[in-house]
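S.K.: Chain residues, written in single-letter form:
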Amino acid sequence: MAVTEMTTKLTLGPIAYHWSAERRRDFYARIADEAPVDEVYLGEVICSKRAPFHEGELPETIERLERAGKTVIVSTLAEVMLKRERKATDDLAAMDAPEIEVNNAAGLYARGRRPHRIGPFMNAYNEATIAWMAGQGATHVCLPTELPAEAIAVAAAAARDVGLGVEVQVFGRASLAVSARCYHARAHGRTKDNCRFVCEDDPDGMPLSTRDDAPILRVNGIQTQSESYVDLLPEADRLVADGVTHLRLMPQDVDMVAVAGVFRDVLDGALPVDEADGRLGLLSGAVNLSNGFYHGAAGYRRIAMIART
Amino acid sequence: MSLAELICPAGTPAALRTAVDAGADAVYCGFQDATNARNFPGLNFTPDELAEAVAYAHARGTKVLLALNTYPPAGKVDLWRQAADTAARLGVDAFIVADMGVADYIARTHPGVRLHLSVQAAASSPEAIRYYCAHFGVRRVVLPRILTIPEIRQIKREIPCEIETFIFGNHGLMVEGRCSLTNYLTGQSTNMDGVCSPASDVEYARHEDGSMSSQLAGFTIDRFGPEEKAGYPTICKGRYTAPHRPEGYYAFEEPVSLNLSRLLPELIDAGVHAFKIEGRQRSKSYVRGVVRAFRAAVDDIRAGRQANMADLVALTEGQKQTQGAFETKKWR
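Protein sequences appear in the order of chains Y and H. For the first sequence, my numbering assigns the number 126 to the initial residue and increments by one for each residue that follows. For the second sequence, my numbering assigns the number 803 to the initial residue and increments by one for each residue that follows.
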């Protein structure tokens, strides 16, 4: 058990939101210097229109993180339809890097059998699909966020049997849907083509509430996210025991260095889980934490510690 | 010019016979379990019913396509494999699949049966479509409802398989196969269980002022004034509030139906091989009306005659309808 714990890696997923280049630079500088994460995913996954704002920074950010000892992986777009999206995907797939994370079958086609990771948008739900992907050059798979514990265990065992790393999102808003339509633009009476990047105003997504004022979802451009932050900190031990090798933190508008520290401390056995989860609650501010998907319940639910085994 | 096959929904054995009699070139259906994306109570087929349906359809020259278009969660893959084995034995003409593991199994185990790529696979570029064609021998792709006609024409030039597009019925907003909205609120998954905004979780609440709330799993998806007709609480068609939209608005899309009847000639010209009518959850009389009307329209177009579109437009009379992304990319 101790050996397994030592090898469990903490990762930082790609920034889902339209954070400015300056904000990203500051964010990743702090991650490089202070955050106990082992691997960092970079790149624009949600909206191809945003990429020009920050892709120029990419080489410098990669260098900065690598100098700090982090493994860097570039992620591809989740939706590929337009010419610029196809080109961006082709360009990334052509990179002579050992690690890219593919989020669309167009990326798989372009990458061929060269090594790649399977992103959470690729729908690797089961052992048959994982075995297929491994045979095509996948080295690592991030499972869908809605997959429940029993399926994660089976998928993780299958992935490790064929030598793949296995990753599960343990913190941050869940991606619940993507669309061809931009809902940020729509909320402001615009269309995707004349959006004027209004999504930049919402660094943690635009809140949607029901008409009786219950917060329910977040809009992030073409993506719809959960209102709650997924929190599988209390489940981390079981994930590791079930064969998950990488735990993913999604960047939110909170102190991500501190969030990473809490997870690292729990993995290292340096902090009791209940105390750590209390800290995570404070770091998350007014946002609810949830673990329903993991427990096969409605995703927004928080299944109480006492009910967890 | 393509053949303009008409692909029609068969939620029940009775609906299947109705669609066949009304002139469907092919019908699509599923088993009574999580292996298809319309796993709704009272719908779908037992193996015995599917055997009878195949016999009925084939005797009249109609093909039967089996939807196996959900994503098996790890540990449950056998249910999908058994469904494929059963349907292959019963002689279905094609499988409609989304999951790569399922596609790979069928390609290896039942190489004689055609594979169609479900809209649930969300293949919206030539490269993505070619991936499935190259690896699994996919013969037809069902395109997501997010592309304009010029974009469909361009894709057709770059892929080695047939194209099927939706032309009528429910207008899904989210990229299919990538939506967990229902699971987030109800605990039942669209991808793994074939469930979308399930009726078992729906409630309507009348308020003192005469207004009505439609709720899903306790969440108010929309609220209707005394004069408004309360709609079904589909999550992506509800009204919500945002900080600068305190009045409540359709954050994703209004409850509209897709109706591309006016675009049929252009779609054929763009290289669309087959037209899909959505609605396995619909009644027999709905299926009869829609299939008959489209049968006549497609026959007219194929014979070079002006199609009478009035009947098709009338099918959605009183309801809002849209040509969605097919007409203009401003929809996005």
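One or more hints might be untrue.
Part of the chain Y face toward chain H, derived, beta carbon under 10 Å [unchecked claim]:
| id | residue |
| --- | --- |
| 1 | W257 |
| 2 | E271 |
| 3 | V303 |
| 4 | S409 |
I should point out that these hints are in silico values taken from the structure, not numbers from a laboratory. Remember, it's a predicted structure, so these values are computed and weren't measured experimentally. For each residue, glycine too, the CB sits at the ideal point set by N, CA and C.
S.K.: Each hint: holds or not?
M.R.: Consistency of the hints with the structure:
no., hint, verdict
1, W257, "holds, 5 Å"
2, E271, "holds, 5 Å"
3, V303, "holds, 5 Å"
4, S409, "violated, 18 Å"
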